[in-house]
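Asks: Residue numbers (the UniProt record's numbering), protein chains in the order written: chain E, 1 to 309; chain Z, 1 to 301.
None of these hints come from the bench; they were simulated from the model. Where a beta carbon is used, it is the ideal one built from N, C-alpha and C, also for glycine. Take the hints with a grain of salt, since some may be wrong.
[To be verified] Residues from chain Z shown here face chain E by an in silico Cβ test under 8 Å; the list is partial:
1) Val154
2) Leu192
3) Asp193
4) Ala237
5) Phe264
6) Leu278
[To be verified] Distance windows between CB atoms, simulated:
7) Z:Thr164 to E:Leu286: 27 to 33 Å
8) E:Ala51 to Z:Leu272: 44 to 50 Å
9) Z:Ala197 to E:Gln36: 33 to 39 Å
Each chain, letter by letter, is given below.
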Amino acid sequence: MARFLVRRLLTMIPVVLGTTFIIYAAVYALPGDPVQSLAGPDRAVSPAAAAALRSHYHLDSSLLVQYGHYLSGLLHGDFGIDFGDVPVSSLIAAGWPVTVRLALTTWVIQAVAGTGLGVLAAVRAGRFPDLAVLGGSTLILAVPYFVTAYVAQIVFGDRLGWFPVSGVDAGWPRSYLLPALCLALLGVPEVARLTRAAVLENLGAEFVDTAVAKGAGRIRVLVRHVLRPSLIPIVSMLGLTLGTLLSGTILIEGIFNLPGLGYQTFQGVQQHNGPVVVGISTLLVLTFLFINLVVDVLYVVIDPRIRLD
Amino acid sequence: MTSLLSAPEAASASSALEPVPANGPLRSLLRRPRFVFSAFVVVLLCAVAAGPGFFAGWFGHGDPHACDLDHSGHGPTAGHPFGYDIQGCDLYSNVIHGTRDSLGIGLLTTAVTLVTAVVLGCLAGYFGGLLDLLISRLMDVFFGFPVLIGMIVVLETFSVHSVTSVSLVLALFSWPVLTRIMRSSVLTVRDLDYVVAARELGAGHLRILVRHVIPNAIAPVAVLTSMSIGGVITAEASLTFLGVGLRAPAVSWGVQLNTAQQYFTDHLGLLLFPSLFLSLAVLGFVLLGDCLRDAFDPRLR
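Same shape as in the complex, but just chain E (with noise of 0.2 Å):
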């Protein structure tokens, strides 16, 4: 185990040094004026301002040098600042607790949702219900999740009254709740097309005839026996959707004005805000890195099978 976590962890580095590297790239070191190209073309930017992201981003010096200052500024929580002279991290700090709600919430409901409607469809394989969830799989993902959104958002919140329609007053869960639904619909189709799959696959498996011989229940065939061998892909697949659910809350936080690091984000693209988006969108790549190493091993840890190499 501490072997494979040493390798996993090395493995980790130059992925970590290649998206800050290009994301740094891809801000400072293009050709152009970088404090211009963050505050978009028809934006003024106040000598002032320019003065204090010069020097804030180094912009003076080398590439590598100034690659070098940004990549120390990131490991102390450093992720720049906005054209207002705020730091990133306050607007962070700020906006985490909402956002981890929001993500919170809808990973649960994808996978309830998910795993339940797969168990379903592989228990009616074949039939109707196996059929209405492949075929509304489809259509979900055919429909931009966003018109989703502001669909549900006018029927359910502002026709029918039934949620608030913007804002976080309501408190959990009754404000989380839409917005968390509409987001769990990028990852429901996925997880339950594999949870299908997978407990197809063991539903044949002898394993299952012999307890269904021993006399067992089917409620406890379909859970001890089939459903728990079937779990492992499943965790694994919960933990990919994170990079969907990670970049849907910008814009389901924008559509519902959820005030997290989504919203922050759809808040600085649409005022030309550059330095927010770039620090905050780095700090979701990061995120994401850290949550696919905790998956890699619980991935272990659940199936001692998966060893290592």
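Got chain E sorted already, so can you dock chain Z onto it with the hints?
Replies: Showing chain Z alone in chain E's frame:
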């Protein structure tokens, strides 16, 4: 989303080996309503993208830029089946004209991705060694970005937001998925008897790759392209809707949704009609991809 592609990445490697009976898959495809429907949608949309003027004029108001602010946000009337947008332009004609950029980005991005995947996949899979190590590590780096977030960062700092530049950025973050599949597919082909035979006969690397390896290794990647087009179209719409993709005066479904986003509550049509076309296009490409995969890549069924 690009996530449509992630599921079958591992499964497809050795399927390239199974012979596909001549004529068989196509004939069985034509018997499936799903295929006929999706192929019809895709062909129709491509026709619309190629000549939007012809389709836009069906109701007599084909010019997307003939606008009258008096009609701002009005609902459907005679000659204007979708009503008007906020600027008072005919919405139907705008949506029809939006097909070109949305589809164009989907096709261009997927073409660039496919070429990159074949070239890099061959280099990594066929030659192996240091080259393979470099390409694989580079893929790992790009897999480190959550979908869309890398694209948002790069596009945010881009000053040009044309079809070409947006496509290139989308391709920059979507090549690793197909490249990984291509690489593993090439790995299974490169040591097969006929490749060894060609090598023993003295064929050069280029000839072996072009004549023997690529034709036999490309199937798993090729069947994914249609699905990838669907994913790219959604990604473009999301980015443009957010404000980092295409920008007005470009006309795409994403741009229409972006410019109208404050008015959705009062003018539902501004949301419904562009997204209807968007969803139909994605559905068409994804279903088509599904059918192609079922027909040509039986292992994934």
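Asks: If a hint holds in the structure, say so; if it doesn't, say that too.
Replies: Results for each hint:
1. Val154: At about 4 Å, which falls below the 8 Å cut-off, the nearest Cβ of chain E leaves the hint on Val154 of chain Z intact, so it holds.
2. Leu192: Since the shortest Cβ distance to chain E is 26 Å, the answer is violated.
3. Asp193: 29 Å, violated
4. Ala237: Nearest chain E Cβ about 5 Å off; hint holds.
5. Phe264: Hint on Phe264 of chain Z: holds, closest Cβ of chain E at ~5 Å, below 8 Å.
6. Leu278: 6 Å, holds
7. Z:Thr164 to E:Leu286: 27 to 33 Å: 31 Å, holds
8. E:Ala51 to Z:Leu272: 44 to 50 Å: 48 Å, holds
9. Z:Ala197 to E:Gln36: 33 to 39 Å: 60 Å, violated
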